[in-house]
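*Asks:* Sequences listed follow chains A and B, in order.
So for the first sequence, my numbering puts the first residue at 1; every next one is plus one.
So for the second sequence, my numbering puts the first residue at 162; every next one is plus one.
Treat the hints with care, as some may be off.
Below, computed lysine-lysine pairings styled on DSSO-like, alpha-carbon distance capped at 30 Å [unchecked claim]: (1) A/Lys109 x A/Lys17; (2) A/Lys109 x B/Lys204; (3) B/Lys293 x A/Lys43; (4) B/Lys186 x B/Lys171; (5) A/Lys89 x A/Lys10; (6) B/Lys245 x B/Lys270; (7) A/Lys25 x A/Lys132; (8) A/Lys10 x A/Lys21; (9) B/Lys186 x A/Lys132; (10) A/Lys33 x B/Lys178; (11) A/Lys43 x A/Lys33; (12) B/Lys270 x A/Lys10; (13) B/Lys194 x A/Lys17; (14) A/Lys89 x B/Lys171; (15) A/Lys10 x B/Lys204; (16) A/Lys43 x B/Lys178; (17) B/Lys186 x B/Lys293; (18) A/Lys109 x A/Lys84; (19) A/Lys80 x B/Lys250; (20) A/Lys10 x A/Lys84; (21) A/Lys17 x B/Lys241; (22) B/Lys321 x B/Lys282; (23) B/Lys171 x A/Lys10; (24) B/Lys270 x A/Lys160; (25) A/Lys21 x B/Lys194; (26) A/Lys21 x B/Lys250; (27) B/Lys270 x A/Lys84; (28) B/Lys194 x A/Lys43; (29) B/Lys250 x A/Lys17; (30) B/Lys194 x B/Lys282.
Just a few of them, taken from the derived set where beta-carbon distance is under 7 Å, the chain B residues facing chain A [as the list claims (entries may be wrong)]: (31) Leu168; (32) Pro251; (33) His255.
Pair ranges (Cβ atoms, derived) [to be verified]: (34) B/Val292 x A/Ile41: 45 to 53 Å; (35) B/Glu289 x A/Gln117: 29 to 37 Å; (36) B/Lys245 x A/Asp127: 52 to 60 Å; (37) A/Ile79 x B/Leu187: 20 to 28 Å.
Worth flagging that the hints you see were computed from the coordinates, not collected in a lab.
Virtual Cβ for every residue (Gly too), placed ideally from N, Cα, C.
This is what each chain is made of:
There are 2 protein chains.
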Amino acid sequence: MENKNNLAVKIVFDGFKSNLKRATKLLNELTEKDLLQEIVIFKNTGHYVLGHLIAIHDNMLPLLGLGDSLYPELADVFIKNPDKSELQKPSITHLRIQWDEVHQVLLTKLASLTTEQWFEKHTAVSDEDFVKEPQRNRLNVVLSRGNHLSYHIGQIILLKN
Amino acid sequence: MENKNNLAVKIVFDGFKSNLKRATKLLNELTEKDLLQEIVIFKNTGHYVLGHLIAIHDNMLPLLGLGDSLYPELADVFIKNPDKSELQKPSITHLRIQWDEVHQVLLTKLASLTTEQWFEKHTAVSDEDFVKEPQRNRLNVVLSRGNHLSYHIGQIILLKN
C-alpha cells in the first residue's frame with residue numbers, strides 16, 4: 001500500500017517533470033526573434049508566456065511551503081498584468097537564466113519531499129478547510145501546474161516554423 | 162494509506178473532468194465558422210483539433226480495458242493523418258454529438274472503477290513490463306490525457322475573439 005502511495009506521487013511528479021523537459025527543449029529551440037512574436041495576432045507573445053511560466057512556477061515555492069519565491073517581482077509583470085501593460089519586461093536572455101534557476105530549486109525541493117508531505121496541505125488553504133477538502137494538498141498543486149504548463153506549451157509550439 | 166490512494170485517484174480524475182468541462186464550455190462558445198479557421202496560419206484548424214480530441218479520448222476505452230471505441234474510424238482522419246490530408250472529415254455538427262457521447266461513456270466507466278482498478282495496468286503494457294514499471298497504470302493514462310487536453314485547450318482558446 002505504501003508502494004501505491006509512492007506510485008501516485010511518482011506519476012504526478014514524473015508528469016510534471018516530463019512537461020517541464022518538453023517546455024525547456026522547445027524554448028531552447030525558439031530564438032529571441034521567435035519569442036518576441038505574438039502567438040496569434042493581438043494575443044500574448046512568447047516573451048510574455050516565458051515570463052508568466054517562470055513567475056507561476058516560482059510562486060509554487062511559497063504555495064507549497066518550500067521557501068520564498070526567488071523573483072517575486074516577476075508576478076507584477078507576468079501574472080497581475082497582461083502582456084500589453086506598460087511594465088518593462090526583463091530581457092529574454094535574463095528570463096532564460098531565471099527559468100533554469102527557478103526550476104533547479106523547485107525540482108530539488110520537490111524531490112526531497114516524503115510521500116506523507118506530498119499529501120499535506122498547501123499554504124493557500126486553512127486547517128479547517130483542509131479537514132473538509134483533503135485533496136487541497138501539494139500533489140494537487142503540482143498536478144494542476146502541470147496542466148497549466150501543457151496549456152502554454154500548446155501555444156508556444158505554434159511559434160516554431 | 163488506502164485513504165491516500167483514494168485521494169490521489171480523486172485528484173487525478175477531478176483534474177481530468179475539470180479540463181474536460183473547460184474544453185466543452187470553450188467548444189460550445191466557438192461557432193462552426195470559428196472552428197473552421199486555422200489556429201495559426203498553416204497549422205491545425207479547430208475542426209481538426211475537435212476531431213483529434215474525440216479520437217484520442219475514444220481510444221482511452223480500449224487502452225484502459227473499458228470496452229471498444231465507439232468511433233474507431235476517427236483515428237484514421239484525426240490521429241494517423243494530419244489536418245491537410247485528403248480524408249473527408251465528419252462535420253462539426255456531427256463531431257459535437259460524438260464529443261458528448263464519447264465523454265458520457267468514458268466518464269461513466271471511469272467513475273465505476275475502484276481505487277485498486279485505477280492502479281491496474283493499462284492494455285498497452287505487458288504483464289512482464291508492468292512488474293518492472295508499475296506506474297504504467299490507468300491513473301497514469303488519465304493524467305497524461307489530461308495534459309494532452311490542456312495542451313489543445315491552450316490552442317483552441319486562441320480561436321476566440
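*Asks:* Hints the structure violates: just list their numbers, smallest first.
*Replies:* Hints 2, 3, 5, 6, 7, 10, 13, 14, 15, 17, 18, 19, 20, 22, 24, 25, 26, 27, 29, 30, 32, 33 are the ones this structure does not satisfy, whereas the remaining hints hold.
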